[in-house]
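Q: The lines below spell out each chain.
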Amino acid sequence: MISSGGHGIFLKDFHLSLDNSHSEADVVFVSHAHADHLPRNRSCAVVCSAPTLAFMRKRGYKGDALVLDWQTPTSLNTIRQHFGVPCTRKGSGESVSREATLTLYPAGHILGSAMILVESEDGSLLYTGDVKTPASPATEGVAWPSTVDELIIEATFGLPIYKWKPTHEIQQEMLSFAQETLEAGETPLFLGYNLGKGQEILHLLEPLDHRKMIHGGGFPYCEVYQQAGITLGNVEPYNRETCEGAILVGPTSVLSSGFASNVERLRVAQCSGWAALASRRTQLNLDRGFALSDHLDFFELLDVCDALQPRKIHITHSPTPDVVAHFLEQRGHQAQFLDLTMQQEEELDG
Amino acid sequence: MGKSEQVSSGQMSSGPGNSEPVKRYPFRKYCEVLDRLEQTRGTKAKQTLFVELLRDIQHHGTLEDGVLACRFVSEGAFDPTSGLTGRLGARSQGMWVSEYCEIDYDKVFKPCRTATGSGSETIELLLTNMPHSGSKQAQPDTRTPWTLHDMDTSFGLMARAKKSEDKRALFEQWLKTLTPLEIKMALRMLGGGSLRIGFEARSLLQTLAKVSGSSLEHIRYAHMVLGSVSETARFVFEDRLDEASFSMFRPIAFMLASPVESLEALPWASVRLEEKLDGVRCQVHASVDRVELYSRDLNPLTQTFPDVVVEMKRAQSSLGGSFVLDGEVLAFDPSTKRILPFLDLQKRLGVKKPSSTLMNDVPVIFVAYDLLVLDEKEAFSQSLEQRRSQLTSVCEKASLPYSRQFEVATPQQCQRAFEQALSHGNEGLMIKQVDSPYAFGQRSHHWQKLKEPEGALDTIIMYAHAGSGKRGGTYSDFTLGVAVANDDRFSESFIPIGKAYGGYTNAELRRLNQELKKLVVEKFGPTLSLRPGLVVELEFDSIQANKRTKAGYTLRFPRFRSIRWDLGPDDVDTLQEVERLAQAKSMLTRPSMDTLADKAPIILPNG
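Quick mapping for you: the protein sequence lines, in order, are chains A and B.
So the first sequence is residues 1 to 350, counted in the working numbering.
So the second sequence is residues 1001 to 1607, counted in the working numbering.
So that you can see chain B by itself, here it is in the shape it has in the complex (with noise of 0.2 Å):
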């Protein structure tokens, strides 16, 4: 990208000089440009179409209009940090906009939504199609198009909005006053997901880099410690990147593990081994007068686990500093000293303000494994040995649990220390490079997990699903569903488990595609009802209770280990079997750290 296409950092204006109205860019040009992204093929075409809209925003809107520009197409509606959320149901969604565009939702949106596959593609469609709503809808040429900050304002309050029909009337106000393009836009902002356009978080960034002509390192040192694109682009606007640096209370996106490709390929000498444990990540923010606890995605988890919250604060006072661990929230026996499974720690999970009663039956622990800051002083930068060295040394003086870290020599011995995970009820290994720095967001090869498949069920193919990028054509996407066909309790002969999308090889999805033409039954959009024939063998990491799927449990990680070509819809397993083995993974009894004594996974505090 040339010089000429910088957008000049410091030049945005940044308000008012005087007593002019201030330019605020609007929301619509904003959107139309996103939908020429998503018709744009190629990241580089992506990108310089970003920059011109960043140009044209330092002409026609503030500083501010910029920042919420790169927040909306990467973040969507609010600042990760901020902590704020805003979901709206997608039933209340479409019933609204049935309502509104006068079709019944059950005969006409359902089947609607069914057939492009999305619920907000489908609202901008009828929103644009439906003579009835076209004509409730506000001539766009002689109302005040919503600018970016008034969206901003507006999705502000729908996360204050408590009550559903306070929802409903802010939805109500968007109906009356955006595009059908606006609408979708702004639901997909909101979600929280993908604008589905092509051009995610990743590119922002290195589109930021181009435009402030600096390192891609160096931008994403920023994100960071300022935990957001958004903060990012502002320091990149405002031509101060440099002082881009942490500060208390904003979360640090986490250093993430990629998968173990080959044991046989490890640096032994230079990796150290912890125990995966089974728990929710967690990031502690402790100063004198303040605890934060921050989720894997940066929201607060400090209502949640008050009572880790009046541990770090007793330890915050016994070290008088302060300090940022990361770390792993475990459901954790205090008088038997054992781990407790994660389906019981998965009742305190969305619990705010958990009842003491609550924290009674699942008391929770804190178990730090690395150490961020300590004092207000940055120790991300330095290696894993020197960020362990003080972890250990805080967690002793302030008698905090840690995880246990060991080295081994071989592959084998490797192998028999993920055998003894396995026994202690814990996940796998995660191995560690010694000299490496905490590394942000991506998955880095210096933290890999090494894990097994927790089992595999036989499962029959229900919907197949059209890929897209380079599996576009075939089907490559499945829905599985387990067998209850001798259930009563219900009436169907196969339920959903499960969506995998990889674990086959080409060749055989060549074949399955070919296959899977001859049970077709239905087709709605980019998806095929299939008449049940084709049975796949299931990996998954572990099963979960999930009280909104009809199963009533979700498998995570599912993945095709096999293609049964030898199996028919009679061999598929049942619900009851995936109830048996969620039941016996609950009822398994993990060792107790005393008994482990220097094999434990977890150092706790003496006494």
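Chain A extracted, bound-state conformation (with noise of 0.2 Å):
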């Protein structure tokens, strides 16, 4: 019933496509706003949480889409029929593809990330896309359903080596080093992807209540956060001519461009699940390496899919299923891989 590839995964029997954009799809769900999750066909007919097309929209998506309310369990015929795709073959008038139920559960990743769960008669499926649990502050928070049959469940951090402190620990961190920088006459730099982390730094460093300025690129998408009820703080889109003394964020690839060099003392923290091994803190000279992901660590997984109790689970966008699908099998479940060859444009981010 899955078929997995191109980016994504395509359930074959419901013509419905998870993170891509099959070309036999009727429907594509997008689970959040990242680029890697984003459909490459830019006129499909999309199913979505509400900020998440809000951050399509702003990413120059045109086509066609629907919003589907949080938890609200939803026909796939009755969206077939809001994108006006047929539902039965013409003339013989019977149906071309299988209805389901289709729910969204929010994802914790970042704002609008969603979980779908899919039921039928062959029963329930619940696609995690990107998540993190416990949420990220920055989101609608995280809820799971009940039971699941099948569990398709990422493992970005799929190794024991990884398990994130409380977010409250590493916010009190990133509070005094900032606090520290700017006491000291220098300026802090963080270092999170334009979309989801950026305001997530922003968020938890707003009680410190001093400008900062986001990357011109991570900007516009502070508006949806805002009108989301997520508090960002004095927020300013970056000035090269008035960075100075203010409290920056951008992406990785500002390092190396330019951003910010007239600053006479800058001091840069990342901040990434990827920032708990030594070796990316040293890769990119960082004065700190702050361990704030927005994937549950490898410990969340192991609960997660002790708590569903699926029958099955398929783990996706792991460098090391093996090890997932080891520890898994330890306590009793079936595990397999997914390979999506999914482009880790985001990796950074982690």
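Be aware that one or more of the hints could be misleading.
[Said to hold, decoys possible] Listed next, the in silico SDA-like pairs over lysine to any residue satisfying Cα-Cα at most 25 Å (straight line): (1) Lys163(A) / Lys1110(B); (2) Lys165(A) / Thr1179(B); (3) Lys1523(B) / Phe337(A).
Since the hints were made in silico from the structure, they are not lab data.
All of these numbers come straight from a predicted model, not from anything done at the bench.
If you follow the hints, you should be able to join the two separate chains into one complex; please do so.
A: And the structure:
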């Protein structure tokens, strides 16, 4: 029933694509607005959450889209009708593709990120997209169905060397880093992807009540966050002339782009799950690395599987699926790798 | 650094004055400072932090703790002059930790180590994260943490433990007592490599100079004669740096040569040349009742070369007084007077108390090229000319072989001498300034070496590793492989032959980084595994047999000669080619010293 590849998943029986745009798909589900999860085909029929659609529009998506409300089951045939996709074959009247009920659950990864539960006569299937539990504080939170039959879950950090500290502890360290840097008359720069991590950093640093600037590519998304009630404090788009002494936020690529190169003393901190490793910290020649991830860690992944008790688990987005499968099997689960050959464009943001 | 930051020397308490229990500094607190050093950027800030640590130890520890703090951070678990080593195999460490954490070594530990690129970091993270080990871990707050002194004792026991199970018992004691951070640091100290916190011997010596208010020169001199950073620290803390002087059987840090940058720019009138011998560097200390040999890393070689020791005893008794010589141990056939290939000498390396059969099969001699001490008098501050004149008379009197020095007047003559040296089977030339003292440690321009790569191979890039420091953000280190596709001994197509870090331009590195993105198969932490596609012409100084590698050989100093954009995986040299090159070198017959007469690189005693 599941076929993968082409950077996502295609549920053949339902003509439903998850995070890709299969040529035979009636409907495409977009879990969140990061580039590696957006459909390549810019004119397909998309279902997603309201913030995801807002981000996609800002990224230039012009196609059809239907917003689904959180935790509100919706019939797939109703969705097909909305998009004008025929549910029955011309002439014979037999159904072309099968009916199912779709329900979105917030995934806690970035604002608008959603998991999708597909329920049909075959049972239930949950596709997580990218997920973080406990949720990032700059999201709607995270919610899970009580049980699922089949689970497709990401394992970006699929090794037991990854275990995150509670976000409020990391927040305290980030606040101290920013404060100490400013008190020393220097300028702090936090590295995080323009959509999601950047706004999470702004939100976590809000208690400092200091002026903040985010890279021009990330600023437009801030509006969507603020409309969703996530406070980001005093934030402006990056301005080279006035950036000295502000708290700066930008993606890793700014390190080689001349960003804030006029600032005499910059202290650079990476905010990424990858910063948990010493080699990643030295690789970018950073002042600090904060292991602030927007993915669940290895142990959280195991706990989720234990709680949901799926009949079958498919692991995606993992450089080390065998390790995850080994641990899951030890806990009595049936697990296998589903290779999406998804490009890891957002990898540094982890 | 202001006066206020100084650790006043001589004030560190050297022990309890009365019956109060001795305060010793906790290893845990020390490791936490090392962790902060790792997270601190800038040498100056790191030095300030270390000065604060020394001051804290002064208040809450002993003078010995200060010495240990300096040793552990710069030299590891053991003083280099102690002769102790206590290596624990990476595999043993991994297996023991896996059992302790109740995880599968192959299925879990190994992929984790691949991701971190570091065994000790993997161990730290697994011990921190795995619930099983966490519950077994002693509660750090309720137990008395180990002190620097306890750690020193445990390192000593580890060095003396012969059997694997004894080492394991000691290691398990660590697992039960130390925090994951302490274990990571302890393992790095035990390994004797870098602690990877960006604060090494050099920074510590600078810090000691500041702390003591002495010049860096003075500190370097003390380091040279004392042979270890921690002993230098002791003299600083005891406020008797002026007393630091040479004593017999404490090896002196070797003088090293830097590569010749330009033959044209050399002052030919004031340099002397020697042929560069392909042996093992060795320092001989000889007195009336004792002879010791030391290797370049200041470890004892005495038991490895008992035949050299016998020769030195004979020489000492014919001279009467004591001496310290710097030179090279070579495999040498006394009957034909030919130097034997390094591959022969390799058979004797690492073999303590060799059998008489082995000593007969591979006879060795010590060829002296410098004299550092004569009759207890230091000669290393004298000029090369003065030292050599003493060396010549000592070697003549005691019938010891020594290197021939000669002069050339022009770069062209030097080039001819270089080719002659190669035709003698030697590595190239050493070019030494006549008026230079024997300078410790850092590579100096007083000694320069002229070498040529011995060969080159077309190799395939198998893995790319992310660089650090100024190369951060790019893949700058590469694992290169040779072809074994048609080799029945192997099932794969390529196997690694060496790792190279340099030899390319910035522009080439940028292009390489773009190209390798297209070939990525897998990414583990800082490492990319690549499909075969990029061919590099790799040059190297020499090929050495190495049973611990898959290929059976390692290349010395491999570096890029050129990136062969024009070649593909089918053009890569085979392992057989490597084997042929190694064989050819060992088959090369070197000329007899007799036939070379006054051109011989070694002056042998008469008869």
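Q: For this structure, which hints from the list above don't hold up?
A: Those not satisfied: there are none.
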